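Protein chains: 2
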Amino acid sequence: MGPQLKANLCGELRNFETEVIEKRSVVEHWFRDMFAKYKPPFYSSVDLRNACFKISPVDTNLFPAGFNNIGKDDRRTTVQAFMNAIERHCPHAETVLIVPENHTRNLYYHQHIGHLHGLLSNVGLKVTVGSHEDSFCQLKEIFFKNIEGQTISIPVLRVSRHDGSLYVDGKKPDLILLNNDFSSGIPAEYRELNSDQKLAPCLESSWAIRKKSRHFKLYSETAKEFAGLFDADDWLISPVNRRCTNVSFKEKKGEECLVRNVTEVLNEIKKKYAEYKIQRNPFVVIKANSGTYGMSVMTIRQPNEIYNLNNKQRKRMSKNKEGVTVEDILIQEGVHSFETVIDYNVQSVAEPVVYLVDNHVVGGFYRIHAKKGLDENLNTPGMQFFPIAFEDSCQLPASSADPDSITNRLYFYGVIARLATLSAAKEVRE
Amino acid sequence: MGPQLKANLCGELRNFETEVIEKRSVVEHWFRDMFAKYKPPFYSSVDLRNACFKISPVDTNLFPAGFNNIGKDDRRTTVQAFMNAIERHCPHAETVLIVPENHTRNLYYHQHIGHLHGLLSNVGLKVTVGSHEDSFCQLKEIFFKNIEGQTISIPVLRVSRHDGSLYVDGKKPDLILLNNDFSSGIPAEYRELNSDQKLAPCLESSWAIRKKSRHFKLYSETAKEFAGLFDADDWLISPVNRRCTNVSFKEKKGEECLVRNVTEVLNEIKKKYAEYKIQRNPFVVIKANSGTYGMSVMTIRQPNEIYNLNNKQRKRMSKNKEGVTVEDILIQEGVHSFETVIDYNVQSVAEPVVYLVDNHVVGGFYRIHAKKGLDENLNTPGMQFFPIAFEDSCQLPASSADPDSITNRLYFYGVIARLATLSAAKEVRE
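For the protein sequence lines, the chains are A and B, in the order given.
End of the first sequence = 455 in this note's numbering, gap-free, step of one.
End of the second sequence = 455 in this note's numbering, gap-free, step of one.
Everything labelled a hint here was simulated from the structure, so no lab data went into it.
Errors might be hidden in some of the hints.
Any copy, or any two copies together, can satisfy a pair, since identical chains are not distinguished.
[To be verified] Cut-off 30 Å, straight-line C-alpha distance, at most; resulting in silico cross-link-like pairs (DSSO-like, lysine-lysine):
no. : residue 1 : residue 2
1   : Lys197    : Lys242
2   : Lys295    : Lys151
3   : Lys48     : Lys196
4   : Lys344    : Lys302
5   : Lys64     : Lys451
6   : Lys151    : Lys64
7   : Lys451    : Lys249
As the structure is a prediction and not an experimental result, all values here were calculated from the model.
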C-alpha cells in the first residue's frame with residue numbers, strides 16, 4: 026500500500042468548500058472574467074497550508090521549479106496548457122531559451138530543467154538552455170532522466186547580448202523563458218531588450234522587485250471578493266499580514282516594530298480562533314519580504330521570542346538566497362499544516378504545492394517532512410516530494426460525491442492556488 | 026491481447042511525415058499563426074483515410090457526435106480544451122444549453138450527449154439539454170452510462186423563444202451549443218437571436234449552408250500552403266475534387282456532368298499513380314455536396330457505372346439525412362483505407378476519426394467495419410468504434426524515435442485533422 030494522505034477540512038471552511046463545489050459555474054465564470062482582465066503568469070506554483078479550519082497560500086512562485094515532479098498522467102494537460110501560454114505571451118515563437126537558476130550542483134534542479142525542456146519541446150518549440158553565469162556555463166551540459174528513465178544530456182549555452190538582443194550559439198531565440206528569479210538583482214543583459222524578442226515572465230516578476238507584502242495585500246483583496254460571492258468569511262482562506270522595514274536581525278534593529286506587529290497579528294488570530302471556537306495555539310511566521318526557497322523564514326509563538334533570538338537564528342534571518350541582506354520583513358499569520366502523509370508507518374507533515382501553467386492548474390505534489398512540526402516551514406533540507414493525484418481531479422470534480430472526496434478537495438486546492446496566481450497577475454500588472 | 030492496428034505510411038508520404046515530425050516547431054508555429062487569423066470552430070471531428078501512399082480528410086464535421094468514444098485518459102485534456110473554447114467563444118457564459126439532433130431512439134447518440142453534458146459540467150458550466158422538436162421533447166429524459174458505469178438520466182427540456190431569446194425551463198441560457206447540424210434547414214427559432222445570447226457553432230456551420238466543394242477547395246489551398254513549407258507535393262494529403270449541380274439520380278438528370286468529371290478525376294489520379302509508381306486501381310467517391318452521416322455516398326470505379334446504377338442505388342443517392350433531396354454532387358478522388366484492425370483474427374478496414382475542441386486535438390477513435398472493402402465508405406450500419414491511444418501521442422510525439430512509431434503517426438494524423446479544421450474555420454468565416 027502506497028502513502029496515505031489525510032487532508033481534512035472542518036467547520037465553516039468545509040461549508041465554504043461545499044458551496045464552492047456546488048456553485049462551480051459561478052467560480053469558473055468569475056475566474057474567466059478575472060483572467061481576461063489580468064493576464065495570467067506564464068507559469069507559477071503555489072505552496073498551500075491546510076489547517077483543516079483554514080487554508081492559505083504561503084508562497085506564490087513565478088519561476089517555479091519542480092516540473093520533474095509533475096506526474097506522467099498530467100503531462101499531456103501540461104503540454105496543452107503551455108500551448109495556451111505560448112499563444113497568450115508569444116504566439117510567433119518558434120525558438121525558446123530557458124534561463125535557469127545558477128544551481129550548478131543541484132541535480133534535482135537539473136532534472137526539473139530537463140523536464141521543462143521536454144514539455145516545451147512537445148509544445149513544438151525549439152528549446153535551448155543558456156546562462157549568463159560563468160559557473161553555470163562551465164557545466165557545458167546538464168543531465169536528467171526522462172520519463173522513460175533514459176539519461177539525456179542537454180547542452181548549456183552561453184547567453185550573450187548584441188545590439189539589444191540576446192543570442193545563444195549565434196542564434197536569436199524568439200522567447201526568453203526565465204526560470205531564474207534574479208533575487209540578487211536583474212542582470213543588465215536582460216533589461217530593455219528589442220521588442221522582437223519576448224521575455225517571460227516579465228522582469229517585474231523577479232524577487233529583486235516583488236514584495237510579499239504587496240502580493241498578500243492583493244491576495245487578501247482577491248480572497249475578499251471571491252469569498253463575497255458565497256457570503257463566506259475571507260479569513261478562512263486568507264492570512265493576516267503586517268510588514269516591518271529597516272530591520273536588521275544582526276544589529277538588533279527594528280525589533281520593536283516586529284514585536285508590536287507579532288503581538289497584533291497574534292491578537293487578531295486569537296479573536297478569530299475564539300469566534301470559530303478553535304482550540305489551537307496561534308503562531309506567526311516572519312519571513313523576508315522578497316525571496317523564496319523557504320530561506321529566512323521563522324516560526325514565532327510569543328512576541329518576546331524576537332528579543333531572545335540566538336546568533337544562529339539571527340544569522341539565518343539576515344541573509345536570503347544569493348546572500349541578499351534581509352531588511353524588509355513580512356509578519357504573517359501562521360497556518361498549521363494538519364495534512365499528513367503516512368508512509369511505512371512514518372507520519373509526516375505535508376504541504377500541497379499546486380502548479381499552474383497559464384490559467385490552468387496542471388498538477389501538483391506534496392512537500393513532506395518527517396522531522397518538522399505542524400507549525401514549521403517544510404521547505405528545508407530533508408523535505409521529500411510525493412505527487413498529488415491530479416489526473417482524476419481538479420478539472421473533473423465528482424460534483425455529486427461527498428464534500429470530503431479527494432477529488433473535490435483537490436478542486437478546492439486548485440481554486441485557492443488560482444486566487445494566489447490571480448493576485449500575482451494583478452501584482453505584476455500594476 | 027487487444028486489437029492490433031496496422032497503420033503504415035510509405036514512399037513520399039513517409040518522407041513528408043518525417044519532415045513534419047522533425048520540423049515540429051515550424052508546424053506548430055504555422056498553426057498558431059493560422060488559428061490566430063481564423064477563429065477555430067468550437068468543436069469538430071475529422072474522418073481520415075490512410076492509403077499508405079496518401080492520407081486525406083474525407084469529412085469535417087462541425088457538429089461532432091461520439092464524445093462517448095473519447096478515452097478516459099483523454100478526458101482531462103478535453104475538459105481543458107473546452108475551457109479554451111468557452112474562453113474564446115463565450116467567456117461570460119455560466120449556463121449552456123445543448124441542442125441535440127432529433128435522434129429519439131439512437132441510444133449511442135444519447136450516450137454521446139450524456140458525455141458531452143458531463144464534459145461541459147466539468148468545465149464549470151450549468152448544462153441543460155433542450156430541443157425545439159416535439160418528438161425529442163417527448164422523451165422527457167435521456168439515459169446514459171457515465172465513466173463510472175452508473176446509468177444517469179438527464180431531463181430533456183423544451184426550447185422556446187420569446188422576444189428574440191431562447192429559454193428553457195423559464196431560464197435564458199448564456200450559450201446555445203448546437204449539436205444539430207440543421208441539415209433540412211435552420212429553424213426560425215435560432216435565427217437572429219439577441220446579441221446577449223451566443224450560438225456556437227455559428228449558423229453558417231450548418232449543413233443547410235455548408236458545401237463540401239467549398240470546404241475541399243479551401244482544404245486544397247490550405248494543404249498546398251502547408252506542403253509548401255516542406256517542399257512536399259500537396260496531393261499526398263489532399264484529394265482531387267469536382268462538382269456537379271442540378272443532378273437528379275432519380276430522373277437520370279446531369280449524368281453527363283458526373284461521367285465527365287469522374288473521368289477527369291480518374292485520369293488525374295492515374296497520372297499521379299504513374300508518377301509515384303502506385304500499383305492500385307483508382308476510384309472516385311461521389312457524395313451529396315452537403316450533409317454527413319455517410320449518407321448518399323457511393324464508390325465509382327468506372328465512369329459508365331453512372332449510367333448503370335440500379336433503382337436501389339439511385340434511391341439511396343437521391344435523399345440525404347432528414348429526407349433532403351440531393352441535387353448537388355461532389356466528385357472526389359477515392360482514398361483507399363489500408364489501415365486495418367485485427368481483433369480475434371478478424372481483419373477489419375479502419376478509418377481514423379480525430380476529435381478537436383477549439384484548436385486542440387483531444388482524442389480520436391477508429392471506425393472499423395469487417396464487411397467493407399478498402400475502397401468503401403465505412404460510415405454505415407455495422408461499423409464499430411475502437412479508441413485511438415491518443416493519451417501518449419499527439420501532443421507528445423516521441424521526437425527521437427523512428428518515423429513509424431505509433432506516437433509519431435498519430436501526431437501526423439492530428440496535423441492533417443487540424444488542416445481540415447483550419448479549412449472549416451476559413452469556410453465559416455468567409
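> Within a copy, between copies, both or neither: where do Lys295 and Lys151 come within 30 Å Cα-Cα?
Replying inline: Neither: 54 Å inside a chain and 40 Å across chains, both beyond 30 Å.
> Should Lys451 paired with Lys249 be assigned to within, between, both, or neither, using CA atoms and 30 Å as the limit?
Replying inline: Within. Shortest intra-copy distance 15 Å satisfies the 30 Å Cα cut-off; inter-copy 44 Å does not.
> How would you label the pair Lys197, Lys242 (within, between, both, or neither) given a Cα cut-off of 30 Å?
Replying inline: neither (39 Å within a copy, 38 Å between copies)
> For the identical chains here, do Lys151 and Lys64 meet the 30 Å Cα criterion within one copy, between copies, both, or neither?
Replying inline: Intra 25 Å, inter 25 Å, cutoff 30 Å: intra and inter.
>> At most 30 Å between alpha carbons: which applies to Lys48 and Lys196, within, between, both or neither?
In response: between (50 Å within a copy, 17 Å between copies)
> What label fits Lys344 with Lys302 when the C-alpha limit is 30 Å: within, between, both, or neither?
Replying inline: neither (38 Å within a copy, 73 Å between copies)
> Can you tell me if Lys64 and Lys451 fall within 30 Å by alpha carbon in one copy, between copies, both or neither?
Replying inline: both (8 Å within a copy, 28 Å between copies)
Figure legend: structure checked against the earlier numbered hints; hints not met, in rising order: 1, 2 and 4.
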